[in-house]
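Protein chains in written order, with this note's numbering: chain A, 1 to 114; chain B, 1 to 111.
Where hints are given, some of them may not hold.
As the list claims (entries may be wrong) - Result set (BS3-like, lysine-lysine): computed pairs, CA atoms no more than 30 Å apart in a straight line:
(1) K71/A with K26/B
(2) K57/A with K26/B
(3) K57/A with K17/A
(4) K17/A with K69/A
(5) K71/A with K18/A
(6) K57/A with K69/A
Stated by the list, open to error - If you anchor each label on the Cβ, the simulated ranges turn out as follows:
(7) A10/B with N7/A: 28 to 34 Å
(8) R80/B with K17/A: 42 to 48 Å
(9) E79/A with S28/B: 23 to 29 Å
As the list claims (entries may be wrong) - Partial selection, computed: residues in chain B whose CB lies under 10 Å from chain A:
(10) G4
(11) P8
(12) A10
(13) S24
(14) K26
(15) S28
(16) N31
(17) Q33
(18) L43
(19) I47
(20) L48
(21) A90
(22) A96
(23) G104
The set of hints was computed from the structure by calculation and includes no laboratory data.
Quantities reported herein were computed from a predicted structural model and do not represent experimental measurements.
Glycine included, every Cβ here is placed at the ideal spot set by N, Cα and C.
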Amino acid sequence: EAQVTQNPRYLITVTGKKLTVTCSQNMNHEYMSWYRQDPGLGLRQIYYSMNVEVTDKGDVPEGYKVSRKEKRNFPLILESPSPNQTSLYFCASSFIGTSGYEQYFGPGTRLTVT
Amino acid sequence: SQQGEEDPQALSIQEGENATMNCSYKTSINNLQWYRQNSGRGLVHLILIRSNEREKHSGRLRVTLDTSKKSSSLLITASRAADTASYFCATDFEGAQKLVFGQGTRLTINP
């Protein structure tokens, strides 16, 4: 089954404790992206990757890191999480970029930073 | 901001009725997409309409695009309880490798 998986689905952590949210897709997609969704602000892009070893900042990259060592994986790293990073996070992938291609979204990771 | 805006923010109708949601955006686009999100879950792609298209159908969905007014509408006909969800429009722009999402319309279908 074609899908994007994220782990963990739910995470409660404390300020400053490094964490990684994994994202994996099995569709051989070149493009992958991370979004955060907050009430009243909608979905905002954090980082994206056009292919292996090619990543770039989205609209709200501060406090986040990503890597793309393999085509299928695109982990999101929070080196020192803060309460303002409490949010619902989505990973997405598509065939090539965003223009003209539907995005496949993961189920989401609900992160709470206390 | 390039962000699209959906209207209305919330819509509640009876099962069987048609639901219409609108999306407006600010700059020229390549394509516009509509997504559905069930509560707290991932977004699911519904339909994509290109900037040179005016109307597109998929099952009970009908999407229109008016580039002169920078607006789109999503019509769901003969609504069902399972259509209860939030609906988002998303646009992509020349040279930008991202989708810009609107705030969404929260649709409730009452049995």
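Report holds or violated for the interface hint on G4/B, using the least CB-CB distance to chain A and a cut-off of 10 Å.
It holds, given that the least Cβ distance between G4/B and chain A is near 9 Å, below 10 Å.
Satisfaction of the L48/B interface hint, Cβ to chain A closer than 10 Å:
Status holds, d = 6 Å.
Does N31/B pass the interface check with chain A, least Cβ-Cβ distance below 10 Å?
Hint holds; N31/B Cβ to chain A Cβ min 5 Å, cut 10 Å.
Assessment of proposed distance window 23 to 29 Å (beta carbons of E79/A, S28/B):
38 Å, violated
Could you check if I47/B really has its C-beta closer than 10 Å to a C-beta on chain A?
For I47/B, the interface hint holds, since the closest Cβ of chain A sits about 9 Å away, which is under 10 Å.
When you check the alpha-carbon spacing of K57/A and K69/A, does it fall within 30 Å?
17 Å, holds
Taken at face value, is the distance from the CA of K69/A to the CA of K17/A at most 30 Å?
Holds, at about 23 Å.
So if I understand the rule, the pair passes when the alpha-carbon distance is 30 Å or less; does K57/A with K26/B pass?
Cα-Cα ~22 Å, so holds.
P8/B as chain A interface residue, shortest Cβ-Cβ below 10 Å:
Given a least distance of 15 Å, the restraint on P8/B is violated.
With a cut-off of 10 Å, does the beta carbon of Q33/B approach a beta carbon of chain A closely enough for the hint to hold?
7 Å, holds
Restraint satisfaction for A96/B [CB to CB of chain A, less than 10 Å]:
8 Å, holds
Under 10 Å is the threshold here; is the Cβ of S28/B close enough to any Cβ of chain A for the hint to stand?
Hint on S28/B: violated, closest Cβ of chain A at ~13 Å, above 10 Å.
The structure shown violates the earlier hints numbered 1, 9, 11, 12, 13, 14 and 15.
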